[in-house]
Amino acid sequence: MAWSALLLLIVLVSLDMQNIASRWGRIIELGDETTTDFTILVPIFGDPGYFRNGDYLTQYKQHTLLAVNVDSPKMEHFVADLQARGWRVHKAHLTGRVSCPELVFDALQKVTTRYVIRMDGDTVSREHPGRAIAAVRAAEADLCSVKVAVSRRETLIEKLQAVEYDMSMLGRHNRAWMTSGACMIARTAALRVILSSHSYWFPGEDIETGVIAKHYRLSVRHLDMRFYTDAPETFRAWFRQRRMWWSGSFRMAFVNAGQTLRFPLTFVYTVCVVWLLWIAKWHELLDVRHIAAILPFVLLLYTAICFSSNWSVRSRWMVVYPYYALFQALVMPPLGALYYLWLWCRRGTLRPPGRYAIGVRRDGVNLHPFES
Amino acid sequence: MAIRAGFAAAALLGVVTTFGTGLWLAAVVVLLGLIVGLLTAEALPSLRRGRG
Chain B
75 MAWSALLLLI VLVSLDMQNI ASRWGRIIEL GDETTTDFTI LVPIFGDPGY
125 FRNGDYLTQY KQHTLLAVNV DSPKMEHFVA DLQARGWRVH KAHLTGRVSC
175 PELVFDALQK VTTRYVIRMD GDTVSREHPG RAIAAVRAAE ADLCSVKVAV
225 SRRETLIEKL QAVEYDMSML GRHNRAWMTS GACMIARTAA LRVILSSHSY
275 WFPGEDIETG VIAKHYRLSV RHLDMRFYTD APETFRAWFR QRRMWWSGSF
325 RMAFVNAGQT LRFPLTFVYT VCVVWLLWIA KWHELLDVRH IAAILPFVLL
375 LYTAICFSSN WSVRSRWMVV YPYYALFQAL VMPPLGALYY LWLWCRRGTL
425 RPPGRYAIGV RRDGVNLHPF ES
Chain G
666 MAIRAGFAAA ALLGVVTTFG TGLWLAAVVV LLGLIVGLLT AEALPSLRRG
716 RG
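Note that the protein sequences, when read in sequence, are chains B and G. In this text, residue positions in the first sequence follow our numbering: the first is 75, and each later residue adds one. In this text, residue positions in the second sequence follow our numbering: the first is 666, and each later residue adds one.
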């Protein structure tokens with residue numbers, strides 16, 4: 075019994091120390107070369123307030139296309155204002171629950187460059203995006219995840235998210251396909267193919283992009299360039315965002331388990347360690363004497379793991395990160411699952427929503443017909 | 666004081682720790698030390714500004 079417990083501990087600790095392997099990941103380094111063959115595509119829907127990186131994008135105005143869904147007089151007015159200020163705008167008229175991939179796919183028809191940067195309305199970079207594209211082009215990659223970092227680190231929740239983002243971006247060195255909605259880079263033809271097979275289901279849509287790319291055997295890589303994005307600045311906003319993210323995780327782990335199995339380590343970690351062991355975690359917590367005895371050791375071990383596995387992005391806030399991670403792992407999974415079920419009920423279909431539109435077996439694709 | 670209170674609570678619950686009480690106490694002290702260290706490091710710049 076003691077040996078099996080020890081073995082389980084070793085397995086769990088090893089899974090939590092995966093980021094040590096990030097130094098051996100095959101990433102694309104940023105070079106000095108630059109290019110202008112790109113379009114920055116920014117999807118905006120629901121409210122004009124989501125367009126917050128206008129100052130940053132002004133310097134790349136001729137390379138920017140704002141994809142705006144016009145479904146209200148307010149958005150119509152917003153588009154008119156943008157156009158008056160010289161922005162290139164794609165007006166979409168999507169109905170129902172609009173999602174980023176659907177809006178991006180609609181706007182891709184206006185993109186004539188060979189590469190596209192899908193970027194949220196609150197994301198910026200310090201380096202010239204042309205350098206990113208030159209590096210991606212040299213590596214002949216079809217889809218790239220990038221390093222997404224938290225731009226503002228003032229409140230406690232922002233600081234904890236900053237640690238969390240920095241650590242998870244190291245994980246992208248070996249799991250480049252885990253693309254982030256805040257920013258990703260793609261060959262335009264590749265993104266057309268990917269998004270034409272997308273379910274357009276919002277929670278988890280960004281990672282679905284990477285999964286589809288892998289399905290079509292496209293070259294999916296990680297570009298070592300930082301893009302900075304806004305993270306929720308209050309606990310309430312964080313909670314709302316995470317409820318949706320965890321619903322995306324539930325969708326990936328269970329609704330699309332067939333496809334997630336293609337990534338065995340991710341499957342084991344997400345389905346077994348995060349979701350199935352959730353019950354075991356609570357079971358442990360209910361025994362107060364037991365938890366009082368082991369919790370200090372667990373927290374100490376996890377603090378050491380945080381620092382040692384993520385030394386290149388170390389932060390003094392890693393000292394409190396284990397408490398944040400523990401809270402999230404205990405509280406958010408069931409709320410995410412309930413949120414998914416609620417969205418399912420609202421949709422009123424028998425078939426679970428968010429099923430990937432691709433099959434389980436991988437399929438190669440020829441991008442040539444999709445090149446403009 | 667907090668450590669003593671925490672340990673007393675654990676003792677009251679009849680905790681016989683897996684790793685021994687000495688190690689348990691050491692773990693709690695280290696965790697608290699780390700948090701105090703963090704708070705100090707965060708507070709120092711504003712304290713310096715206040716003096717300046």
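Quick caveat, the hints were computed from the structure, so don't treat them as lab data. No residue lacks a Cβ here, since even glycine has one placed at the ideal position from N, Cα and C. Do not take every clue at face value.
Pairwise CB distance ranges, derived in the manner of DEER restraints [to be verified]:
(1) G:Gly-698 / B:Ser-270: 21 to 29 Å
(2) B:Lys-184 / G:Thr-705: 50 to 58 Å
(3) B:Gly-170 / G:Ser-711: 45 to 53 Å
- Whether the CB-CB distance between B:Lys-184 and G:Thr-705 falls inside 50 to 58 Å: 54 Å, holds
- Is it true that the C-beta distance of G:Gly-698 to B:Ser-270 lies inside 21 to 29 Å, as the hint says? 56 Å, violated
- Query: Is 45 to 53 Å a correct range for the gap between the Cβ atoms of B:Gly-170 and G:Ser-711?
  - Reply: 49 Å Cβ-Cβ, so the 45 to 53 Å window holds.
Against the hints set out earlier in the document, a violation occurs for number 1 only.
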